[in-house]
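Peer 1: The residues making up each chain are set out below.
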Amino acid sequence: MAKITYIEHSGTEHVIEVAPGLSVMEGAVKNMVPGIDADCGGACACATCHVYVDGAWRDKTGEKNDMEETMLEFAEEVKDESRLSCQIEVTDALDGLVVRMPESQH
Amino acid sequence: MSLAEDINPEDLPEAYSMPIEEMDPSDGRLFMHQKHWAYFERMRKEDPVHLSENEEFGRFWNITKFKDIMAVDTNHQVFSSEPSIVIADPPEDFTLPMFIAMDQPKHDVQRKIVAPTAAPANLIVLEPLIRERVCNILDSLPIGEEFNWVEKVSIELTTQMLATLFDFPFEDRHLLPYWSDVATTTDEEGSNNYMEEEARKAVLWECYEYFVKLWNERQGQGDNPKMDFISLLANNPETKNMNDDPLEYLGNLLLLIVGGNDTTRNSISGGVLALNQNPKEYDKLRADPSVIPNMVSEIIRWQTPLAHMRRIAKEDIELGGKQIKKGDKVVMWYISGNRDETEIDRANEFLIDREKARHHIAFGFGIHRCMGNRVAEMQLKILWEEIVKRFDFVEVVGEPERLQSNFVMGFLQLPVVLHPKK
Chain Z
1 MAKITYIEHS GTEHVIEVAP GLSVMEGAVK NMVPGIDADC GGACACATCH
51 VYVDGAWRDK TGEKNDMEET MLEFAEEVKD ESRLSCQIEV TDALDGLVVR
101 MPESQH
Chain G
1 MSLAEDINPE DLPEAYSMPI EEMDPSDGRL FMHQKHWAYF ERMRKEDPVH
51 LSENEEFGRF WNITKFKDIM AVDTNHQVFS SEPSIVIADP PEDFTLPMFI
101 AMDQPKHDVQ RKIVAPTAAP ANLIVLEPLI RERVCNILDS LPIGEEFNWV
151 EKVSIELTTQ MLATLFDFPF EDRHLLPYWS DVATTTDEEG SNNYMEEEAR
201 KAVLWECYEY FVKLWNERQG QGDNPKMDFI SLLANNPETK NMNDDPLEYL
251 GNLLLLIVGG NDTTRNSISG GVLALNQNPK EYDKLRADPS VIPNMVSEII
301 RWQTPLAHMR RIAKEDIELG GKQIKKGDKV VMWYISGNRD ETEIDRANEF
351 LIDREKARHH IAFGFGIHRC MGNRVAEMQL KILWEEIVKR FDFVEVVGEP
401 ERLQSNFVMG FLQLPVVLHP KK
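Chains as they are written, first to last, in this note's numbering: chain Z, 1 to 106; chain G, 1 to 422.
Some hints could be false.
Said to hold, decoys possible - Listed below are the simulated SDA-like cross-link pairs for lysine to any residue, each with C-alpha atoms no more than 20 Å apart in a straight line:
| no. | chain 1 | residue 1 | chain 2 | residue 2 |
| --- | --- | --- | --- | --- |
| 1 | Z | Lys79 | G | Ile113 |
| 2 | Z | Lys30 | G | His359 |
| 3 | G | Lys112 | Z | Asp66 |
| 4 | Z | Lys30 | G | Ile113 |
| 5 | G | Lys106 | Z | Glu73 |
| 6 | G | Lys112 | Z | Ala75 |
| 7 | G | Lys67 | Z | Glu68 |
What the hints assert, rightly or not - Which chain Z residues stay away from chain G? Per the calculated CB distances, all over 10 Å, these:
| no. | residue |
| --- | --- |
| 8 | Glu13 |
| 9 | Val15 |
| 10 | Asn31 |
| 11 | Val33 |
| 12 | Ala56 |
| 13 | Lys60 |
| 14 | Glu89 |
| 15 | Asp92 |
| 16 | Ala93 |
In short, the hints are calculated from the structure, not lab data. Even glycine gets a Cβ: it sits at the ideal position worked out from N, Cα and C.
Use the sequences and the hints to build the structure in full.
Peer 2: Below is the structure:
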């Protein structure tokens with residue numbers, strides 16, 4: 001299991017144990033963490049699971065593929081740290097990961 | 001005005017009356033008389049990627065299952081949106097470039113320029129105004145007597161919203177739904193959605209002339225233009241010369257007008273009808289209005305206000321065991337995907353408290369996903385919050401009259417009587 005801290009835009013923290021193999025998005029949705037809509041269900045097709053991941057984790061989360069880059073083009077408040085959480089697969093190496101949410105999903 | 005009475009629904013072929021090869025769901029009368037559901041149900045079961053051919057639209061693939069639609073919608077490299085996103089091909093001399101019907105990279109540039117108007121940050125600013133208007137509309141309705149919900153609520157509310165997004169002169173706002181309706185007419189005679197092609201063009205050029213004035217007035221705002229669509233387009237270096245091609249300016253105007261008008265308008269009407277047809281769901285709403293945000297997604301799924309989007313394959317590709325050839329027309333039937341039992345639990349039931357209600361395909365997916373999705377959800381949410389405060393029952397008291405169209409799932413009439421809260 002990997003312990004992941006989801007921080008809502010308001011600052012509220014949710015610490016969740018997520019099973020390897022799930023996505024970071026699924027870890028939130030299955031545990032009723034608010035702020036991640038995930039309308040498309042994890043197909044990298046809607047950009048409503050937008051989160052910020054600190055650059056220090058980049059080696060362990062892997063890089064964005066072209067489709068994720070493209071979908072993020074149409075999200076709001078996109079930064080270097082922006083990721084679609086459905087595209088990050090949870091592994092034991094992500095134990096301790098912290099993701100922050102934007103003010104809203106579009 | 002309507003020809004609805006002149007068409008005998010019994011004359012339309014039943015879905016299970018023909019060999020599957022002959023099945024063609026593109027006749028607008030099927031949708032008008034709600035016969036399309038059985039067509040799509042049969043195709044999903046027997047031939048989910050189904051080839052049709054007819055005189056009007058040529059040869060086209062019908063994509064009817066949720067996952068296949070998703071596969072097409074997210075593969076914009078293979079499935080092109082140019083030159084049009086509806087099943088009918090545009091007239092050669094009147095193809096309107098608009099970003100929904102463009103591929104990368106131009107699509108991305110133009111969409112990103114206007115998206116902030118419809119983004120959550122701007123909607124937070126607009127919400128109090130929208131709520132005030134919703135209240136004014138609802139408080140002006142007649143009590144205890146029959147009226148047309150489409151005209152007095154659905155059209156009025158979406159028109160006011162659209163006028164705000166364009167910063168359009170409020171006193172002329174009725175022009176917006178007029179242009180929208182004209183833009184989605186057909187030249188098929190006998191339809192209740194008919195308009196002769198030349199007359200249609202003439203009206204759309206009037207729309208253009210009106211908006212040229214707004215364009216000229218709004219140039220020169222520099223780096224910080226106002227948040228309306230026209231100011232954003234007229235002041236961005238990438239689009240400030242858009243008006244040099246009148247067809248492209250007109251095309252993008254019509255995209256934003258139709259996109260913001262027909263869709264939410266018909267979901268507003270469709271929600272009232274669905275709750276009347278499912279009294280237990282209406283009881284759930286009365287018992288717990290906190291279900292409204294979830295109900296809004298369910299209403300949008302149930303209505304699917306735009307039935308399809310079309311693409312052209314840019315290379316040969318296999319889909320659902322069928323060989324799609326380069327140049328083939330591919331029609332994604334969102335209206336069918338949203339009733340796909342293999343993707344959505346109890347898909348043919350209207351359940352306002354369903355789990356994962358947001359997982360519907362009415363907004364499309366991928367790079368062309370509806371830009372105004374949050375505008376639509378906000379309007380429906382505020383409307384229903386204010387309805388339940390005032391009325392115990394918005395009662396449908398007669399048969400709805402629907403538009404003859406395979407694209408816009410539209411209502412012309414929805415007779416209702418309001419019952420105030422006791």
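Peer 1: Find the hints from earlier in the document that the structure breaks and name them by number, from lowest to highest.
Peer 2: 4
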